[in-house]
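Q: Position chain B relative to chain A; hints supplied.
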Amino acid sequence: MNPCHEYLNHLTRRQFFSGAGLALGGVGLNWIAPSLRGAGLGQDALNARVHPPQAGFPHFPAKAKRIIYLHMNGGPSQLDTFDYKPGLQERFDQDLPASIRQGQRITTMTSGQTRFPVAPSIFKFAQHGQSGAWVSELLPQTAKLVDDMAIIRSVSTNAINHDPACTFLMTGSEIPGRASIGSWLSYGLGSENNDLPSFVVLTPKFSPKVAAQALFTRMWSSGPLPTKHNGVALRAQGDPVLFLENPQGVDAGTRRAMLDSLGKFNQLSLDRYGDPETLTRIAQYEMAFRMQTSVPELTDFSNESPATLDLYGAKVKESGSFAASCLLARRMIERNVRVVQILHRGWDQHGTLPEHLKIQCMDTDQGCFGLLTDLKQRGLLDDTLVVWAGEFGRTVYSQGALTRTNYGRDHHPRCFSVWVAGGGIKGGVVHGETDDYSYNVVKDGVSLHDLNATLLHCLGIDHSRFTFKSQGLDMRLSGVEPAQIVKAILA
Amino acid sequence: MNFRRLLFIGFLAPIGALAEEKIFFNEHIRPILADNCFACHGADAGHRKADRRLDLAEGATMDLKGVRAIVPGDLEKSELWQRIISPHEDEVMPPPASHKLPLKAAQRALIKKWIEQGAVYQRHWSYEPVAQVPVPAAAGGAREHPVDRFIGARLASRKLAIAKAASPETLFRRVHLDLTGLPPTPEEIDAFLADRKPGAYERAVDRLLASPRYGEHFGRYWLDAVRYADTHGLHLDNVRQIWPYRDWVVNAFNRNLSYDQFTIEQLAGDMLPQPRIDQVVASGYNRNHLSTSEGGAIEAEAEMRNTADRADTTAAVWMGLTANCASCHDHKFDPLTQREYYSLGAIFKGLADRPWDGNVRLSGPVAVIAENPVQQSRIDAITAAIKPLEAVVAARASQLVDADPQVMKVAKGPLTYEVIWAEDGDMRTPGNLLGIEGAGEWRGGAGVPVVGGVRALRMEGATARPIAFTAGDVNLVIKGEVKPFAHVYPDPVNPPRAISLELISEENVRRVIWGDREAFGPAVAASAIFAGPLPELGRYTRLQITACESGLTENKTFTGLRLAQSGGLVWWDRVGAVITTPNALDDPLLSQDAWARTLRTGARAFAAVPLRHDVNFLIGLSGTQQNAEEKTWIAAWHRDYIFAPLRARLEPEVLAVRQLLAEQVHYEITLPVTLVSGERAEPLPARIMIRGQYDQPGELVTAGTPAFLPPIEKSGPRVTRLDFARWLVSPVHPLTARVTVNRFWLQIFGSGLVRTPADFGTQGELPTHPELLDWLASEFIRGGWDVKKMVRLLVTSQTYRQDSRATPALLEIDPANKWWARGPRLRLDAEVLRDQALALGGLLRSEMGGPPVRPYQPVNIWEPVAFGGSNTKTYTQDHDAALYRRSVYSFWKRTAPAPAMANFDAPSRENFCVARGRSNTPLQALALMNDVQQFESARGFAERLLLRTSSDPDRLAYAFRCVTARLPTFKESGLLAATLATHRTHFGKNAEAASLVIANGESKPSAALPVSEFAAWTMVANLLLNLDETVTRN
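Residue numbers (the numbering used here), protein chains in the order written: chain A, 1 to 491; chain B, 10001 to 11034.
Isolated chain A, as found in the complex (with noise of 0.2 Å):
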């Protein structure tokens, strides 16, 4: 092949609209150079996709195309959500065997307390829907779905604190500086969308009870991959998206004038130097144009329907809440926005657990019914991956005082649970056990790389073989050592 036009369908393929961008359309574009057509870069690439894949993704065809991310920062107790140890209320502060600790490690939060007393969960379980999974009381709402999703209450990290785990389940690697996994995503899947970025991030607020942990935006960073892939941060206050609104007094006609004029002047700068990259730029100053229409559009609610904002909760209507980030979410799927993570925080319950835990799933659970139940009502889930983590579990002994009705739960990575529903997902599996502590796992396993793996897989990627090489390795998002698919949660 002629090297150049490989080089420009390779600036086409993967710089040209690069980023989070548009397609251009709409706008008259008659001051593409000539020069540049002759070139091999007309109106086709014009017309290409905006967020391209690369070559060959995805690996084989795949169930889920999209992905919703809900992290549960902080690490939220299994123990008082979906692993039901009914045994432990009769062993209320008894210490914890030794044969089950076996002298791991503990965080020096607790290595120095005396004792490590066991306290069982004050909260209900009750068994829900045809597969009879156990749920807490404390997630009425998300109880009611458990036949669509797959509960996995045998997922482990390496990490113990907060920073490191954050920073391993969201990039592989507690080591801050690999890609998150949304840009691993955007990098390899790109997006059908041409009017919104591939992969976009939101924080929502959480309640000022609660204590909550630091995010790092290293939890949406690329990493070595090309910081186009970077997660753009929808903002529930200021701008949406960054420096969207014009300056104060410069409405949308003054902008497109002197867009027109800066269009021109480009094109003289492109015909001067030649460079590819100037014509990128008159594309993305178009893009940038209408984003500047299209993100106001999408934060706009007006269109939704009572009956769906129901679904989320009275709070949808509170901008920045959990249930309006459900709702952006799933307003981005429908848009074919490829990744949408939500980092709620606030799940750090040391102390005081029974009752900021409660706060903390009031804040959540209509919310993670109201996005599946929109999904599925659309026909969304079929192709949306959604997943439910935090970065580790807590301690089956209480952290300071044990009390009848009061206790907090250190981090513990050994166990943990995390919940998948959607696209490639087989609906009313739980997978995996612990012991009668929850403390090991004792049957079926999942890593962090496992699950990577796994979701991977879902949207039709071979985790193996999905590398980027930086620094000399062949950087992998599910690491060194063999991952496994969780096969038994597939459909």
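By construction, these hints were calculated from the structure, which means they are not laboratory data. It should be emphasised that the depicted structure is a prediction, and the values quoted were computed from it without experimental measurement. Ideal Cβ placement from N, Cα and C applies to all residues, glycine included. Check each hint, because a few of them may be wrong.
Pairs of lysine-lysine, DSS-like flavour, derived with a Cα cap of 25 Å [as the list claims (entries may be wrong)]: (1) A:K376 to A:K315; (2) B:K10789 to B:K10197; (3) A:K426 to A:K376; (4) A:K317 to A:K376; (5) A:K358 to A:K209; (6) B:K10022 to B:K10104; (7) A:K124 to A:K358; (8) A:K63 to A:K124; (9) A:K469 to B:K10104; (10) B:K10479 to B:K10556; (11) B:K10873 to A:K209; (12) A:K209 to B:K10556; (13) B:K10971 to A:K264; (14) A:K487 to A:K63; (15) A:K469 to B:K10818; (16) A:K209 to A:K317; (17) B:K10100 to A:K469; (18) B:K10412 to B:K10483; (19) A:K205 to A:K358; (20) B:K10818 to B:K10159; (21) A:K358 to A:K315; (22) B:K10049 to A:K469; (23) B:K10479 to B:K10409; (24) B:K10873 to A:K205.
To list a few chain B residues with every Cβ distance to chain A over 10 Å, as calculated [said to hold, decoys possible]: (25) A10109; (26) R10203; (27) L10272; (28) L10655; (29) P10711; (30) R10792.
Pulled a few chain A residues facing chain B out of the computed Cβ check, cut under 7 Å [as the list claims (entries may be wrong)]: (31) A212; (32) Q213; (33) R235; (34) Q237; (35) L242; (36) A257; (37) L262; (38) K264; (39) N266; (40) A288.
A: Only chain B this time, still in chain A's reference frame:
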């Protein structure tokens, strides 16, 4: 990547030419083997399959059960070849299970030819000594620049040549931006164009290199490399203070510190004999890594990460080594063993800082930077004097405790106790550390009446004096009852009209008066409490008030007690309080835990009470993070300086220390203080960490450098940081000079001669111009590591000065511009884009250095991600001049970098970064159009244009020159005029919109200009700041 690799090989060895061409292992074969074979047949013994290694000739030719992978010259017997061409799935290499694709025909052809030619192995090119390369003959005349001779020779073999020179305007703007990060003004352009004498360009380069702006710009690249930032980077991501190091870097470039010295001072400035303060500041390099004090984190893990981060960064930045690959196993591709990796790390194991940052601004070792030698000697004197005095206090305290062990026993439950705040002298206050405000003098000796101790406070006339708590103390939060008291001795001959006591608090408090209630004026009298007549003259009376009566209820805070008198002579003595606390264990003055708790809460939200950094640091550590020695030290500190029951008895000893301590703290909060390196007496033991796990220590290792590099000289029994730094810059080191000149090339030309600037190993790309790279490296060493000289060499070449126009033909032949038949055209970096806008807007400030500033930032960047207790949770924007400083001085929060930077590919500074990406996104378009920093600059730019008395065409031409350095063409002039007309019409009809437009930003628009005209020009300026040609260095 494959695409690039393929092109690369294609260019190096056109396939048609293979038949005659000599095949070289490094150039042709190693990249193929490294990509496809070394993972299982390379240096890593742990993962080697079938005991076969192919990275060394001995391994490849070794007879293993009758099989030899390579028999030089014999394809038939070379198993390697047979396996590559095998049609059988279970035989073919690379095996299908490895997910490697079968070798391409071109790759096979190369391997075939190489084996036929004798399969000669070479050591990896970058580990070979830097070659002494002769400069090629000048094809373009004897005066041809050496860089151009190398570049030209390679171009000629492709029937290409260096392009014609860029126009003088374009070139001048290019070199201006590349050397200073700022565009030239039209006046500077005129001066340059007017200089017709030979050497005008070289003189311009020299001027730019001499500009302080050069160091700001070049320093910034280095700050990326060493991941400089203003926060810790992990968990709380609180503020850390190391900006003097940043200033040192800027300054080092400006004074052209040689790169070898630059290296030594950063890695080991503290270990030089009698180091100067700037050399110690430079050693802050070792403190730039991410750090944490996350509750629950494990020390061994934190310590290991810090060490790894230091080793990895140093290896990558100086040597282009991907050392981290060897943290879990021997390096798979490069000859670095796991043991060598930990030996490299061991060099940093002597550093004295703790693995924790305490979530505080300053964790030791730190350096206080005095303003002058006199101040420096005062600081040194205090430091020297305070230690023995502290020992005296400690000894006396121990003595008291030994004599009365019960005194330390504080039990849970309510307690009433007395605390003394002044007995023989009062304390310098946090707000007034160097002197005592207020009147009076502590006197002792014959005739002085005292209650306790040896001195009393003599006050005469209408006067007042605050007795406040001191550094190291806490503000008193009222929990139970507090009854402050003072002893007064009114002089019988010259009695005062009245005396008063008053709590010092931010709350409203009522003053308590004895004597004439009107003595302090009617306003005071109206709100005061009248306690009674003046106490008896000629003797001491204890006067006592209650906080409650004064108006301070539970949980209110006060910081001291103000003594006042109206006229007369009064002796004051023994000032203190009787405190009733509901629970002694919750009282900071009784319980060390409660004290630390109180301060830790304060410390996270910017300590209200200044503490010496070492005390503050230990309080920042959780109990489990403090080691035994630290626990003892901080407990003793509390006992000696805070613990109320000992306070009065320790008075004479404590007083002197407190005065000096206050002065020490004063210097720490008023002078620049910065994180630096220090060396512990014995380094921490270094071990191989099995599989890179902190909890799986293996064999002990000693500090050392990899065997494939030149041997290191030890100055003592073990390899130190100083030895290591000297080794890095020894003239025989094959990597440092190559990696460094490659980085300079990258900065100037946009991509390196080695296009993987942080990987000079076998997985990295080969140099496009190996001879040029080696020539530059040897020039750099020979020239005494002179950075400005090297930069000057690069920018004076025709290769640099050529036109950047990419013709379709050139794009076809060399799309990635590897051979430099055209100049590079690059989108400006984040900082340059912001600084350029500020400069064009007439807003840019020229002040250098100092604490980081916080310019405009959209709302809600920090808040949605930050930890609740972080002191970088809320972004508080600065105002006025701080908004317009150069971007290198902006505050850098690692977990949420400023969007104006991150949008344009600035790294987070969590890891080293020697080459930024150059993306081109709609988010950038939005930022350049709408970010207030850009738009306010456009407004400022318009104002400058309008204040020039000239016609529209003149102004437009001038404006165009400001952004592109050249005059607009006829067509461009027309476009500009039309644009102006459009906006004029619009704002002529929309005066309200116009006044909104010019009100963007915090600087005040000139009131002298017609608003609609001003707005129209602002839009023209906004257009100009967004031009492709403006945001690009052409």
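Q: Min Cβ distance, A:A288 to chain B: is it shorter than 7 Å?
A: With Cβ-Cβ at 4 Å, under 7 Å, it holds.
Q: Given the proposed pairing of A:K426 with A:K376, does the C-alpha separation stay at or below 25 Å?
A: It holds: about 14 Å lies between the C-alpha atoms, which stays within 25 Å.
Q: Under the criterion that the straight-line Cα-Cα distance not exceed 25 Å, is the pair B:K10479, B:K10556 satisfied?
A: holds (8 Å)
Q: Would you check the hint for B:K10049 and A:K469, treating anything up to 25 Å between C-alpha atoms as holding?
A: Judged against 25 Å, a Cα distance of about 23 Å means the pair holds.
Q: Report holds if the minimum CB distance from B:R10792 to chain A is greater than 10 Å, and violated otherwise.
A: The assertion about B:R10792 holds, with a minimum of 26 Å to chain A.
Q: Against chain B, run the beta carbon of A:L262 and see if the smallest gap drops under 7 Å.
A: With Cβ-Cβ at 6 Å, under 7 Å, it holds.
Q: What's the verdict on B:K10100 and A:K469, does the C-alpha distance respect the 25 Å limit or exceed it?
A: The given pair, whose Cα atoms are some 13 Å apart, holds under the 25 Å limit.
Q: Would you check the hint for A:K358 and A:K209, treating anything up to 25 Å between C-alpha atoms as holding?
A: Satisfied, since the Cα-Cα distance of roughly 11 Å is no more than 25 Å.
Q: For the pair supplied as a hint, B:K10971 and A:K264, is the alpha-carbon distance within the 25 Å limit?
A: holds (10 Å)
Q: Holds or violated: is there a CB of chain B closer than 7 Å to the CB of A:K264?
A: holds (6 Å)
Q: Regarding the assertion that B:A10109 does not contact chain A, is the least Cβ-Cβ distance greater than 10 Å?
A: holds (19 Å)
Q: Over 10 Å from every CB of chain A: does B:R10203 meet that, or does the non-interface label fail?
A: Answer for B:R10203: holds, closest chain A Cβ roughly 28 Å.
Violated hint: 8 only; the structure is consistent with all others.
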